[in-house]
Amino acid sequence: MSEVPLTHILFLSTCLFFIGIYGLFTRRNMITMLMSIELMLNSVNINFVAFNKYLYPEKLDGIFFTIFVITIAAAEAAVAIAIIINLYRSHHSIDVEDATEMKY
Amino acid sequence: MSPATIIFYIISAFILGTGVLAVTTRKIFRASIWLLFSLIGIAALYFWMQLEFLAAVQIIVYVGGIVVLIIFSIFLTIKSGEEMPKPILIRSIFSALAVLFGTGFVVRLISLYTFKPISTTAFNLSVNQIGTQMLDTKDFGYLLPFELISILLLAAMIGCIVIALKSNDKEATTFQNSIQ
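Chains Z and H supply the protein sequences, listed in that same order. Residues 1 to 104 in the numbering used here are what the first sequence lists, from first letter to last. Residues 1001 to 1180 in the numbering used here are what the second sequence lists, from first letter to last.
These are calculated hints, taken from the structure and not from any lab test. Values in this document were obtained by computation on a predicted structure and should not be read as measured data. Any given hint might turn out to be false.
Stated by the list, open to error - Derived EDC-like pairs (lysine to aspartate or glutamate); straight-line CA-CA distance at most 20 Å:
hint : chain 1 : residue 1 : chain 2 : residue 2
1    : H       : Lys-1027  : H       : Glu-1083
2    : H       : Lys-1086  : Z       : Asp-98
3    : Z       : Lys-53    : Z       : Glu-97
4    : H       : Lys-1138  : Z       : Asp-61
5    : Z       : Lys-59    : H       : Asp-1136
6    : H       : Lys-1027  : Z       : Asp-95
7    : H       : Lys-1086  : Z       : Glu-97
8    : H       : Lys-1116  : Z       : Asp-61
9    : H       : Lys-1138  : Z       : Asp-95
10   : Z       : Lys-59    : H       : Glu-1052
11   : H       : Lys-1116  : Z       : Asp-95
12   : Z       : Lys-53    : H       : Glu-1052
13   : H       : Lys-1116  : Z       : Glu-97
14   : H       : Lys-1027  : Z       : Glu-3
15   : Z       : Lys-59    : H       : Asp-1139
16   : H       : Lys-1027  : H       : Glu-1082
17   : H       : Lys-1086  : Z       : Asp-95
Bound conformation, chain Z alone (with noise of 0.2 Å):
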């Protein structure tokens, strides 16, 4: 258990965060930026669970940033959909690139 360095948690945390800006960087459809976002929360996440863990073993703190950044992003993650599902209606795509009247 103790054999893991912190280090290598932060360095699997800090892959996945640009995993998911990679994804938001190439990505133009709506949903997949929103699964990339998904994935960059999820890293940070990662960091506040191993940070709590090993410098702050008799805290609780890390765990109850993670708790609400997870209900944040079921809340963000529901709002998003909505606001596809409405875009879609007008727009009959859910491209970025196409969704360009607020633009200028």
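Position chain H against the provided structure of chain Z, taking the given hints into account.
Showing chain H alone in chain Z's frame:
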């Protein structure tokens, strides 16, 4: 290397591999399934850290809630069998470069820093402890954030219903006609 270490590296390889597939595959339904596997891998990582409560929350909320929501919205919006158009080559090259640079920068920053644990008491987490501290009004209690989150969830739920509601009045249809 002990079995626990080997299991950690297997879990991290699983998370990263499925995560890469989730952002690069061109069939959107497959992308959501790869995302599902990646989230299950993260739940496994919480199990590995002996945080069974958090792993259960992760599986219930993400795997049981968000991914199912995403799959439903895929079925509601696009033809899931179709392949998505390829990303523009120059855009993917530059984002890959940015991502590689960012990863290298952060990894170097982390490896240069030495983390020193403040105390050496063993970490044991009980659900009892979480519940007591979450609904505590004294120092280090999380009652106020808890209530705020509950209001936020209620607001998000009502907001979703209002946004996704099909409007039948004339204003909306004229607005949509003016757009098209």
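Against the structure, the hints come out as follows:
Pair hint Lys-1027/H plus Glu-1083/H holds up; C-alpha atoms about 5 Å apart against a cutoff of 20 Å. Simply put, Lys-1086/H and Asp-98/Z have alpha-carbon atoms about 16 Å apart, close enough for the 20 Å limit, and the pair holds. Straight-line distance between C-alpha atoms of Lys-53/Z and Glu-97/Z comes to about 43 Å, which puts the hinted pair past the 20 Å bound. For the hint pairing Lys-1138/H with Asp-61/Z, the CA-to-CA distance comes to about 15 Å; that is within 20 Å, so the pair holds.
Between Lys-59/Z and Asp-1136/H the CA atoms are separated by roughly 14 Å; this keeps the pair inside 20 Å, and the hint holds. Note on Lys-1027/H and Asp-95/Z: the hinted pairing holds, with a Cα-Cα distance of about 15 Å set against a maximum of 20 Å. With a C-alpha separation of about 14 Å, the suggested pair Lys-1086/H and Glu-97/Z falls inside the 20 Å cut-off, and the hint holds. Taking the CA atoms of Lys-1116/H and Asp-61/Z, the gap is about 18 Å. The hint holds against a cut of 20 Å.
Distance restraint check for Lys-1138/H and Asp-95/Z: the Cα-Cα separation of roughly 49 Å exceeds the 20 Å cut-off, and the hinted pair is therefore not satisfied. Only pairs whose Cα atoms come within 20 Å are accepted, and Lys-59/Z paired with Glu-1052/H is accepted, the gap being roughly 17 Å. For the hint pairing Lys-1116/H with Asp-95/Z, the CA-to-CA distance comes to about 47 Å; that exceeds 20 Å, so the pair is violated. Proposed proximity of Lys-53/Z and Glu-1052/H is supported: the alpha carbons are some 13 Å apart, at most 20 Å.
Between Lys-1116/H and Glu-97/Z the CA atoms are separated by roughly 47 Å; this puts the pair beyond 20 Å, and the hint is violated. For the proposed pair Lys-1027/H and Glu-3/Z, the alpha carbon gap of about 39 Å is over 20 Å, so the pair is violated. Of the pairs offered as hints, the one joining Lys-59/Z and Asp-1139/H holds, with about 13 Å between alpha carbons and a cut-off of 20 Å not exceeded. Distance hint between Lys-1027/H and Glu-1082/H is fulfilled; the C-alpha atoms sit about 7 Å from each other, no more than 20 Å.
Among the hinted pairs, Lys-1086/H with Asp-95/Z is consistent with the structure: their alpha-carbon atoms are about 13 Å apart, no more than 20 Å.
Hints 3, 9, 11, 13 and 14, counting from the list given before, are not met by this structure.
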